[in-house]
Every structure is written in C-alpha cells, then in structure tokens.
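Chemist: Here are the chains, one letter per residue:
Protein chains: 2
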Amino acid sequence: MASYTNLDSAKSFKELAGHAPPPDLAALIDPDRVAICEIPMGGGLSFNYAASPVDGDCIAILSRLAEEQEMVEKFRLLAGGEMMNTGEKRLVLHHLCRGELAGPVVRDGRDFGAFYSGELAKVRTFVESVHSGKILGSTGRRFETVVQIGIGGSDLGPRALYLALERWSKAQGRLRMQARFISNVDPDDADNVLASLDLASSLFILVSKSGTTQETLANETLVRARLSGHGLDPSKHMVAVTSETSPLAKSPRYLASFFMDDYIGGRYSSTSAVGGAVLSLALGFETFSEFLAGAHEEDLLALQRDPLRNPALLDALIGVYERNVLGMGATAVLPYAESLSRFPAHLQQLDMESNGKRVNRRGEAIAYKTGPLVLGEPGTNGQHSFYQLLHQGTDIIPLQFIGFCENQISPDVLCEGSTSREKLNANLAAQIVAFSCGKGDTNANKHFPGGRPSTLIHGQKLDARALGALLAHYENKVVFQGFAWNINSFDQEGVQLGKLLAKKVLEGADGALASYATLLGLGRK
Amino acid sequence: MASYTNLDSAKSFKELAGHAPPPDLAALIDPDRVAICEIPMGGGLSFNYAASPVDGDCIAILSRLAEEQEMVEKFRLLAGGEMMNTGEKRLVLHHLCRGELAGPVVRDGRDFGAFYSGELAKVRTFVESVHSGKILGSTGRRFETVVQIGIGGSDLGPRALYLALERWSKAQGRLRMQARFISNVDPDDADNVLASLDLASSLFILVSKSGTTQETLANETLVRARLSGHGLDPSKHMVAVTSETSPLAKSPRYLASFFMDDYIGGRYSSTSAVGGAVLSLALGFETFSEFLAGAHEEDLLALQRDPLRNPALLDALIGVYERNVLGMGATAVLPYAESLSRFPAHLQQLDMESNGKRVNRRGEAIAYKTGPLVLGEPGTNGQHSFYQLLHQGTDIIPLQFIGFCENQISPDVLCEGSTSREKLNANLAAQIVAFSCGKGDTNANKHFPGGRPSTLIHGQKLDARALGALLAHYENKVVFQGFAWNINSFDQEGVQLGKLLAKKVLEGADGALASYATLLGLGRK
Chain F
27 MASYTNLDSA
37 KSFKELAGHA
47 PPPDLAALID
57 PDRVAICEIP
67 MGGGLSFNYA
77 ASPVDGDCIA
87 ILSRLAEEQE
97 MVEKFRLLAG
107 GEMMNTGEKR
117 LVLHHLCRGE
127 LAGPVVRDGR
137 DFGAFYSGEL
147 AKVRTFVESV
157 HSGKILGSTG
167 RRFETVVQIG
177 IGGSDLGPRA
187 LYLALERWSK
197 AQGRLRMQAR
207 FISNVDPDDA
217 DNVLASLDLA
227 SSLFILVSKS
237 GTTQETLANE
247 TLVRARLSGH
257 GLDPSKHMVA
267 VTSETSPLAK
277 SPRYLASFFM
287 DDYIGGRYSS
297 TSAVGGAVLS
307 LALGFETFSE
317 FLAGAHEEDL
327 LALQRDPLRN
337 PALLDALIGV
347 YERNVLGMGA
357 TAVLPYAESL
367 SRFPAHLQQL
377 DMESNGKRVN
387 RRGEAIAYKT
397 GPLVLGEPGT
407 NGQHSFYQLL
417 HQGTDIIPLQ
427 FIGFCENQIS
437 PDVLCEGSTS
447 REKLNANLAA
457 QIVAFSCGKG
467 DTNANKHFPG
477 GRPSTLIHGQ
487 KLDARALGAL
497 LAHYENKVVF
507 QGFAWNINSF
517 DQEGVQLGKL
527 LAKKVLEGAD
537 GALASYATLL
547 GLGRK
Chain G
27 MASYTNLDSA
37 KSFKELAGHA
47 PPPDLAALID
57 PDRVAICEIP
67 MGGGLSFNYA
77 ASPVDGDCIA
87 ILSRLAEEQE
97 MVEKFRLLAG
107 GEMMNTGEKR
117 LVLHHLCRGE
127 LAGPVVRDGR
137 DFGAFYSGEL
147 AKVRTFVESV
157 HSGKILGSTG
167 RRFETVVQIG
177 IGGSDLGPRA
187 LYLALERWSK
197 AQGRLRMQAR
207 FISNVDPDDA
217 DNVLASLDLA
227 SSLFILVSKS
237 GTTQETLANE
247 TLVRARLSGH
257 GLDPSKHMVA
267 VTSETSPLAK
277 SPRYLASFFM
287 DDYIGGRYSS
297 TSAVGGAVLS
307 LALGFETFSE
317 FLAGAHEEDL
327 LALQRDPLRN
337 PALLDALIGV
347 YERNVLGMGA
357 TAVLPYAESL
367 SRFPAHLQQL
377 DMESNGKRVN
387 RRGEAIAYKT
397 GPLVLGEPGT
407 NGQHSFYQLL
417 HQGTDIIPLQ
427 FIGFCENQIS
437 PDVLCEGSTS
447 REKLNANLAA
457 QIVAFSCGKG
467 DTNANKHFPG
477 GRPSTLIHGQ
487 KLDARALGAL
497 LAHYENKVVF
507 QGFAWNINSF
517 DQEGVQLGKL
527 LAKKVLEGAD
537 GALASYATLL
547 GLGRK
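Those sequence lines, one after another, are chains F and G.
Residues in the first sequence are numbered from 27 upward in steps of one, following my numbering.
Residues in the second sequence are numbered from 27 upward in steps of one, following my numbering.
In case anyone wonders, no lab produced these hints; they're calculated from the structure.
Where hints are given, some of them may not hold.
Covered by chain F, according to a simulated footprint, are these stretches of chain G (three or more residues, beta-carbon under 8 angstroms) [stated by the list, open to error]: (1) 81-93; (2) 143-152; (3) 371-379; (4) 412-418.
Yeah, the Cβ is synthetic: ideal placement off N, Cα and C, and Gly gets one too.
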C-alpha cells in the first residue's frame, strides 16, 4: 500500500523551497555538463537536462521527493492493476497495450493483457485482409484511404502520430493507405475531408469508447448520408473502435469492431486499438508494432527508482521544481521536426487534461499549483513567431526541445555552405544556449537576460520506435507529476458541465444561456 | 506630441489596482447584461464582453486609463506616420494597405498609401494574367497551384487566412487556385509539399522582406533544384514579394516582383502584398478586396475615443486589467469554426512577438507584466482536450471565443434532433456560461468554481469581410496594449541572438554550443 499525501506536506518539498536560488545557467553550462547530463531513453533517444536549473544538490532533494511521494512505487502499482483512477473507480492499463510491466493484470477472470493483445491480433487480421484486397468496398474497389472519425483522445494522438511517420513510412516502402481525420462537430470539417476523397475506396473508423460521443455520432451520420448518397453501402465502409458494452459494439452497421475498455483513458489510448487500427491500416502493422516496442522500452525505464536512470521521472521532477518552487506557469514543447507539427497539440491534451486539477485524489482542495499550460509549434517556425516573448518577455517559460540528426526522407540541398538539416540543427543548438546563457548589451532592448531553462530529447532519426518512446516518455512524465501533486491524472470532470449546458441549450434554455444561444443564431427560427 | 509613460505611473492604473475585487461573474451575467455588452465591429461582427469581470465602475476607470495613456491619440499618430517603431526608427504603416485613417502619409516625396496601392494594382494585373492564362508555366501549362515560401509573418497569417476562406470561396465559385505553404527549414517540410504537386502547373511565391531570410532562401534553393530536375525553368515559376532594396528585387530570376517596405512589420503584413499575392491568386482579387474592406471598417472604429465604441480598445483594456491587476498570465483563443484552425497560431505570433517585451519604448526595464502567452485550438475539439485545465486548473486563463451563426458551405445533417451547426453553437454558448458561472457540487471533484472570464466575437457567417475585421481587431488590440504598457510592439530584438549563435555553429563553434551541436550530429563528419 502506498500512502497518498499532498506535495506541500513532503519534507523534501519544504527543503526544495528553502534551497539556494537556482544556479546561474550561464555559469553552469559547459561541455562537461552537457556530456554528464545525458540520460538514455527508449527507442535510441536521449534526454539531456544540462540546461535545467538544477545542480547536484537540487537533484538529490528531488530524488528524495520522488521517494517521499513514492512516485516509482505508485507507477509500479498502477502498472500492476491498482485502482489509480479513484474518481471513476477504474484501473489505468494503457501500458499493457505495449507489454507487461508488473506481471499480468487479472480481474474477475479477465486477463487484460491478453484481452488487449487479442484485440490487436484482430486488428492485424483485419488490416491484412484490407491490404490484400480480401476485404473490398461495396462496389468492389480496394480501400486506399482510411478516415478516422473521433475527437479528443480518439483524434489528436493518432493524427499527430500518423503525421509523424507518414513520410518515414513512405521512405521505408511501408505506406499502405493515406489517412485522414474528421473530428470537429463543425460540419465544415467533415465536408472538407469528404470533398477530397474518392468515397468508393475509403474506409472509415468510428472511434468512441462510450459509443455516445455527440460530435462523433453527428459526423457518423454525415458520413453515412454521404456514402448512401453516392450509392455506397455504409456498413461495408465503416468499422468501429469502442468498448464491448457500447451501442456500437457488434452491430451489423460495421464491417468489424475492435474493443478497448474503461481502463484506457482517451488521452492515453494511442497505443490501443484507437491508434492501432488507423496507424496499422495506413502505415502497416509492422510499423505499429515497432512503435509499441519503442513505447515499451521507455515504459521499462519508468520502473527505475533512480531519477538519473528514469528520464520521465527526472523530467517530471524538474517540471515540479520549475512549477512549484520557481513559479513558472507554462511549458513550451518545441520539436525541430516538421513531421511533429501536431505532436504539441496532443501533449497539450495529454498534460492539461490529466493534470489541470484543483483537488487531490481524495477530492480536497490543494494549496499549490498543478499542471502547467502547454503550447508549442515546430522549430524553426516558432523562432519567427512567438520566441520573442520566450527570450525577452516578462515570464519565464521552461522549454522542451526535441531534435534529430537525420532527415526522415528528403534529399537535402546546400545553400550558402550548409544543408537545410545543418541549418535546422544549428538553430536548435543555438536556441538552447541563447535561452540559457543570454547575452549582455548596453542597449537594454538588445539585452538577453538568459536563465530560461530547457531540456533536449534527441535521437538519430524519427522512426517508429523513437516515436513510441517519445510518446511514452510524455505519458509517463504526466503520470509521475500527478503522483507528485497527489492528484488523479485519469479523470476529467471538468468537461462535464459544458456537456450538460449544451444539452440544455438544445432542449431550450432560459436566462443568460438563452441570450448567448440567440446571439449565435439558435432559437431564432 | 503624445507623452510616453509607463503603465504603473498612471493614476488610473493605481486606482484600478485599488478597485474593489472583480464582481462575481455568476451574479453579474443575466440576459440584460448580455444584451447591453454588445459592441458593433467591422465586417458585420460584434464584440460581447458580458462575461468579462468588469462592471460599470471598472469600465470607467479603464476609460480614464485609455485617456491617460493617450491610447487612441497614439493610434492616430501611428496611422498618420509618426515613427512608432522607435528601436528600429521606422514608421508603422500596415493600416495604409487597407485605407487612410489619418490622411496621406508622405515622407521624402513618397506617398506611402499610393505606393502600397500601386503594388496592389501590380498584384491585380499579374493575378488576372495568371487566371486568364496569359502567363503560363515554362511548358505552357496553366498555373493551378500557388505555393508560398516564407516563414513567420510571411507564412502564418497568409496560411491561416487562406484556410479560413478556402471553402467559403469555393462555395462562392471564387476558388481559382489551390494554395500550399512551405516554411520550415526542415527539408521534410518542402519535400512533403513538393511531392504532392504537379510542378509544371505550380507557381511559387518567395516572400522575404530583407531577401536574406535563411530558411526561405534554403527552401528556394530546394524548390529551384526540384523544378530544374523536372526540366522546368524556375524563373518562369517563381515571383518575389520583397522590399525594393533587397537582393531579390527586380531580378531576372523571378517572373515578377511585388514590394513592401520596412514600415510593414512581418506579423502585420497579411494585408500587404505578402498576403495579397497568394490570397488573390488562390481566392480571387475580389475576395482579397473584400477582406481589405472589412479590415478598414474595423480600423476606423479604432479611432473612436470611447472604448464602448472601439472594440479593439475595450478588448485591450480588459486584457490589461486581467493581466496586470488580476494577475492572469495567458489568453486562449477559441474559434468555434474549423476553418479558423490556424488563426490562433497567427495570433500567437502577432501578440507574443509584438508584446513579449521587458523594456519600455526608451529601453528601460519595466516592473509590470507585458504580453501574455497565447494559445488556442478550434472548438469543440478543444473541449475534448485542454478545457479540463481551463475549467478546473489552478490558474485562471481568460478566453476569447469566436463563433458564427451559419456554416461556410456544408450541407448539414440532423442527428438526435439537432444539426451539427446547432450542436456547435450550443456548445459555445454552454462553455461561456460554464466558465463564468460554474456550478456547485458537494463532491469537490465535480465542483466548478466559475469566475473564468471570456469575451465573444460573433457574426452571421465567416466571409472575407468578416475575416478582415477579425484580423484587424486583433492587430489593433495588440497595438493598444503596447501603448498601455509603453512598449514598442513593432520590433523583435529577441530573435537576434539565436540567429547569431546559429551562424556561429555553422562556422564552427566551441564550448557548450559545440557540445549541443555534436549531440545533434553536426561536426561529426
């Protein structure tokens, strides 16, 4: 049994708050420190924290904090099937989709690892039948495009991951189908995607755990109407990813159904059938398997008690220090890889929906800050956009850089003596040093204060295995921070009120709600 | 002559800080307030601030603050040609691209309004020649796709605006060419776009004011190599948008050149030839003209001294109150319109690059917060992502909602008794009320504290005129906030150090810079 106590009751947290001010980054960073602060991750990646405001003493206190909050112990309990989602009384089992971490998890006669593997095997069989042409569209055409219909966790993760590996898969000769995504209930979204498709060769995946997600059902209706309007049989063009108890399960309206369950939260579901179906169809099952293997490698590191061997734990601890001791309110995720263009949007959900909480696991108000704002865009684009504020604004925002040595596919060109890849990576190295060390200038407007901390995740090339490790790193970091803050990172009660009030509007509301609805053209008919 | 003084020296600012705590939003909001707090904008839009934490007294003090900081007076001076960009000693004339606000601006014999109009007329003539087939590709093919090569202000604004109007233009029968964008120096970006193109029918627009932007020149090299490799003559497939003094001006390497100048900052350049060339080619000159007209309508409102008749000024003042008195550190822009998917990314640059400053106009350090973090994604998608933190996180983030009564194009469907449009707008109305009013619950985990302020910009339909007004609103809001904070919103010295250090890396750096470069595969050859 672990004990669940608030961050501010930890002795080491008080010690941390009383610790000497953070070291001057400019004085701290030198080649030795850059070399020493390298920690191996899964998937061939490394985590470098040389530009974080933590010296040896600080790391030592953070390690004690990890022990006091029993962070690794709780991670092990979670992996072993403890009911970590206390609010909803659910286990948290997304790790099992990529491998066991603490033995089998069996409840009421169900072996969950075997269940998730079984669903993955079903996905594989289906995918092979589609790729081989055994399963065809209702007019006998082969499927060439797969369209995921889902929102939130059923959209952001799979979409970001597809974009991340689309071109790499193409270079490997593995790109089997093009993938598209429909999420927003704004009908302009679905129409935009549908207008660009050859419907007769398109396969749709409807993803909703509950089978009742308003946006997703509305988009399904829209898609079915369009298919029928083109003389196609919707039931031959659509599969479902849902829970076994949902209205969508085992319905003749779908070619096939693949299952997850309540123990895999939406934002943690990319490695379940939610990501598995679309990614395997588009990029091949082999690619998805390598992606899972990379995630599992990274998960195994999360069992290490020593933060210097557990990059997600260390990243989490540094983040807590920056948030709760140094008072920094946000985190910017800055991948120097265009293919990771939507990865920050996925992390935005993962982090902010998990840890944007104001009560602890027992539902008591807490007196310290929890999850930060998360934002980000790929570099070098961001340098020409919001970096001005990051360098010279009045708030300090910790930065999480991501970079790779090699291109995913492209032939490169030489321009003014260097390739585009060299320019990209030179800029990344330059930014880390510019942010941390700054530069004096007698003109205050050209003065860079420095002291703006960052970490760097880097690897040789962004492939499926590296991407799996990258995703798992952030998932595990978020979970570790939830343990430090003593909050439940697995529910999302904050989204309920809006749903309730939207229903009221559609049924006919009064008061201010009706006034706003009227401004938006509702109820004017 | 206006006088330039810091925010914290204003008498009304001290008064504001001493003002009674903000009213309880739940008690404040009722149908009367929603009706009263409507302010007309340009382009048929309205600004509603009913869910902002400001009562009549607070608005009165904010109005005095606007007077004390001479915010409208300074806007008028800016429009009339005062050197507002003091750091770089430049005028700020982007408003002139859409019409005069304070008479002609003439310096050293040049009438800038006439100059910008002249360039727009050149764009129009060129666009008409392309659309009519008078100008063809080097193999005699008509141009069907236009590709903008630019970064930062030459990319984010035009890209967001194109996406905003692409489908509306299609519905109007105005969509003339498809537009694509290449920005990142990561060669995977350009290769990804080029792989999807028919090069013989593609026209490229190279956009760089200085003509020396590293990323843009590298991408130009890459594109020219690809064109030549396909037996095409690059000089017949490329135009330039640049300044008259740049190395790109009037070069035989381009079919045509269109000019802007140093008085139009990159992030404010969407209404100049930077946006004009690509948007007119893709959406037609008529669409771009309507867009400019909408922006001009909105600009005219920015000359009003009364904040209740000047929505950008009021929005700016409420933002300053939230930032500097209530201590809120970020702003979320939440358009309930899928076509505005990249509009928040443009505002992120516009706002954070303009006002992420720590010194005043005279280069003196200031003691108060300036520009906030800006982030955002379209609704309802965001509701299934980061809204959890917005509702129940430990920080309060002011929200800027945007919504429209009608779809841009799509046929809609009925699902469970309502259309997708009705669901979308019901959710928007619901969120405003949920954030501001909250909901009590004995279970603290299900308790919504409320008190989370928002504003709403709304209109009948997102068309070209409405989009122009929307863009100008935010541009003018940012400028007004810069006047309140007494900072220069028009330079970006914070981006220089990174450029300098990247150059060092490419030339062979030492120390920590070299260590990071080595981690990223540089210098290992």
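Chemist: Any hints this thing doesn't respect? Which numbers, in order?
Modeler: 1, 2
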